[in-house]
Each structure stands twice: as C-alpha cells, then as structure tokens.
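Student: Sequence:
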Amino acid sequence: MVVRLDSLGYLMTKVSIVIPAYNQGRFLSRAIESCLGQTHEDVEIIVVNDGSTDDTPLIAQSYQQYPNVKIIHQENTGLPGARNRGIREASGEYLCFLDSDDYYDPEKIELQAEILDSDEAIDFVYCDIVMVDGEGNPVEDDYSVGNARDELSGDIFPSLLQGGYFPPHTVMVRRECLEKAGGFDPDLGGHADYELWLRLAASGCRAYYLDRKLAYYRTYPTSMSKDWNHMDQTRQETLIKITRQWPDIVARCINKLIVTNEELYKSNQWLNKNWQGVLDQMAEVQRTNDDLYKNQQWLNQQLTSLLENQRGLDRNHQFNQLKENADDHNIIYSFIEHFDQCELLEGKKDQTGIWDVTLNGTSSKAIFLHPPAKLFFHLPVSDQGKLLFAISLHPDVWDNPESGACVFGLTVDDRLVSYMTIDPVHFPTERIWHPFIIPVPASMSQGHNIVFSTMTSSDSTGYRWALWKDPIFVSFGVKA
-18 MVVRLDSLGY LMTKVSIVIP AYNQGRFLSR AIESCLGQTH EDVEIIVVND
32 GSTDDTPLIA QSYQQYPNVK IIHQENTGLP GARNRGIREA SGEYLCFLDS
82 DDYYDPEKIE LQAEILDSDE AIDFVYCDIV MVDGEGNPVE DDYSVGNARD
132 ELSGDIFPSL LQGGYFPPHT VMVRRECLEK AGGFDPDLGG HADYELWLRL
182 AASGCRAYYL DRKLAYYRTY PTSMSKDWNH MDQTRQETLI KITRQWPDIV
232 ARCINKLIVT NEELYKSNQW LNKNWQGVLD QMAEVQRTND DLYKNQQWLN
282 QQLTSLLENQ RGLDRNHQFN QLKENADDHN IIYSFIEHFD QCELLEGKKD
332 QTGIWDVTLN GTSSKAIFLH PPAKLFFHLP VSDQGKLLFA ISLHPDVWDN
382 PESGACVFGL TVDDRLVSYM TIDPVHFPTE RIWHPFIIPV PASMSQGHNI
432 VFSTMTSSDS TGYRWALWKD PIFVSFGVKA
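Heads up, the sequence shown is in this note's numbering, so the first residue is -18 and it goes up one at a time.
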C-alpha cells in the first residue's frame, strides 16, 4: 500500500483522481481546483485530454506546474477509453473518477479514504450528489443516491440490477478491486460506469454508501446525460450483457429482491419444502443418469422458476392488498377506463390498444403498446399515491425467434421512475406477469403526467407485443 504522513503524523493512503476531458475547457479549471483543494493531502491528479479541439489542452497544461498533477494528451478514444488510460497511469492505492464538468467538495477524498482505511472488507465507497446548473448554482431536484435503491451497502448487486444510478465521481475504489473486475467497457459509452459498478458487485466487491453530498453533478442541455435515447439504449445493452455474463448470480439475486411479509413467510415454507424435493431429485439423477450435467441444468431451472414464482406471489399479494384496502377517501384512476383520453407520443395507432389477454390460465385486460412507443396520460389529481401495474410480453411471441428483450419505462412528472427489461423469449422463467408498485409523490402542478414507454433491444428485430396489465393509480389524498 502506498502511504504518506499527513501534517499531524498520521498515515495517509495515496489517492489518484482521473479526469477525462473532451472539449470542456470552460469547466475544467473548476474540476481541477476542487481536487487541488482537498483536505486529504496525498492526492494524485491525472488529466487525460481526449483529443479536444477547444482550449482544453491549454487549460490542462497550465496546471503542469503542480507536482501532483499529470497531464496526458491523446487522440480521441471516448470517455471510457480516457478513463482507462488514466487508470493505467495512476499510482494511487485508491482511485476516483471526476468528469471534467463536475467537481468535488473539499472533504470528499478524505472522508471516503478514511472509510476504506478503517475497514478492509469494504472495496468501494460512494456518496450522494448536489445537482448544479452550468454556472454552478444548485438545481431544485429531489433525486438522492440514498433513496434510489433499497440496498445501499454490502452486496448491492441485486438492487443495482433494478436501477439506482450513482455517477462515477461519487465513487472511490480500491485498485486491486478495480483490476479484478477490469476497467470501463469502451463499447458502452455513457453507461460504461453503471456496467462497471455491476461488474464490481458481481465479482464480490462490497460497497459502502456514505450519506454525505460530496460530489457536485452539473446538468445542462448539452451534457452527455441529457441524451436520454442513447442512455436508454446503452443501459439496456448493459443489463443484457450482465445477465448473459452472470446468469447464475442474476438468478440468485431473485431471492434477495423479495419483500418479507406474512404471505412471503408462507411461500418460503412452501419453497423450502419444494427445494428439498429438488435436492432429492438431484440425488436420484446422480445415482441413475450418466448425463449428470444436463439434469443438473434442468434442476437449476426448476429452482429458479420456484424463486420467481415466490417473488410473483408476494408482489401480487401486495398488489391486491393495496387495491382492496383503498377506502372512500382514496381515488382510484384506471388507465384502461380512460384510454380514450390518452395521447400517443410515439408509435403507431394500429399497434396500440386494449387487449384481452390470457396468460398462464388467467384472463385480464391490458394496454398493448408495441415498441418503440410512448403513451401519455394526464391524471386530474396531484395527490401522493401509488401506481400499480404488471408487465409481460404476449404469450404468442414467447417462442418466436425474431422477438427478444423488451424495455418498459415509466415516467412520472417528467422523471424516469422505473425502467425494467424482460425477455421471456430467451428466459422461460420470465413468462409470467411481473407486478410493480411505484410510489408517486404529490405534485405541485395540476395533476400528474404519466408516460408509459416501450423500447426494443439491439439484438432482436421485432414482434414485441408488450403488455401493461390493468394499470391504476391509487391516491392517498396527501397534497404537496
């Protein structure tokens, strides 16, 4: 470990900060100055000029006078490639990544390094953010890294699969952990960081969430993160890649995503009983069948199916219980009943409508929305409440080789609050209704704006008959 002594004689771990820069001359100085101003003294700053055509090279070079600043000029390779170059040049035990239009709080490095120093079981630590505009002024936004997922520390892989993004400059990671997982994937562009966090977690690296706003995240019209179509596409590709790379880990995560309640306890008892049966079958296969591998694969599929059914039972129980407990003070808004009031923002009218669907022996009504498509509803109430729905693809396309994964997005009041990818074509355990309960905060405006969207994956050509089963909004009567 590379350490030095601070002014009080305490050991300090060397931290390397990698700043990729491409045509961000007007913001670069603020980023570098925030690194030079850290209370942690042993900081190495590596600026990678990634083929900029503005004044970025000159601004970067003006900081060459500082002994702890290293300036690298290279041809343009893209954001992930520039970060990877910085990793190769870094000498610190801990690494951080700062985009050239963002900046740090002065205590960010010190507080995160203290956490890694104090507990070797923690492999990377991340913090919360402050949203600012192009001039550095705080932007009103209720997004919080700490509220984005249920599991924030430890093994965060299951919850990270569901979303809950944290920007790269919130993270500090041990070098050996980063080298174990590998660097940033240059083919994923803006979502390469999200894919790396998934790989870190999948490889066994444990996380710690520091509940402090120590990273300033700049949002403005030309920032990369505003290219929502590109970001959606790369996030979709990321999830498909992760699922294919670690199918067993993804399957095991299903159990961690189950919400514990009375119904879950009963289904757990049922699952334990059936799991013993699966073990008995496996023992019998070992004694009687030479083709052991194929039979083990079949048994694993049965167990995964049991876990998925358990998850579905519990969510369906919550779903039905919430509908049944709605009293006269609640307002229930059915999107199917108000379908004639919706507006098709994207897609074809003849590929949108209300279908009667029979799935796994149960008939129900669903909104059919063949991707790519977006459907807009304006709710006349602005109260706090919950959105209830279930998603799937029509059974008629489950065995169609030209179909594939479908992405379901839900936007509430201009904020993407849910983003789900399912692929019942290649993963038979997903041939069910997937129920969701989404909290909706009260709105300051007159009503809520809801957008249902469906998107396609890059590896299949069509035939996604995407379905939203019986979507409703239940109001709690709480106003902003």
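A few of these clues could be false.
[As the list claims (entries may be wrong)] Here are the computed lysine-lysine pairs in the DSSO-like style, where the Cα-Cα straight-line distance is at most 27 Å:
#1 Lys161 to Lys51
#2 Lys330 to Lys355
#3 Lys329 to Lys346
#4 Lys367 to Lys355
#5 Lys346 to Lys367
#6 Lys329 to Lys355
#7 Lys330 to Lys346
If you are wondering where the hints come from, they were derived from the structure by calculation, not from laboratory data.
Student: Could you run down the list of hints and mark each one as holding or not?
Tutor: Each hint tested on the structure:
1. A C-alpha spacing of about 25 Å is found between lysine 161 and lysine 51, which places the hinted pair at or below 27 Å, so the restraint holds.
2. Pair hint lysine 330 plus lysine 355 holds up; C-alpha atoms about 11 Å apart against a cutoff of 27 Å.
3. Distance restraint check for lysine 329 and lysine 346: the Cα-Cα separation of roughly 20 Å lies within the 27 Å cut-off, and the hinted pair is therefore satisfied.
4. For the hint pairing lysine 367 with lysine 355, the CA-to-CA distance comes to about 20 Å; that is within 27 Å, so the pair holds.
5. Restraint check for lysine 346 and lysine 367: satisfied, since their Cα atoms lie roughly 20 Å apart, inside the 27 Å limit.
6. For the hint linking lysine 329 to lysine 355, the alpha-carbon distance of about 10 Å falls within 27 Å, and the restraint holds.
7. With a C-alpha separation of about 18 Å, the suggested pairing of lysine 330 with lysine 346 holds against the 27 Å cut-off.
Checked against the numbered hints above, the structure violates none of them.
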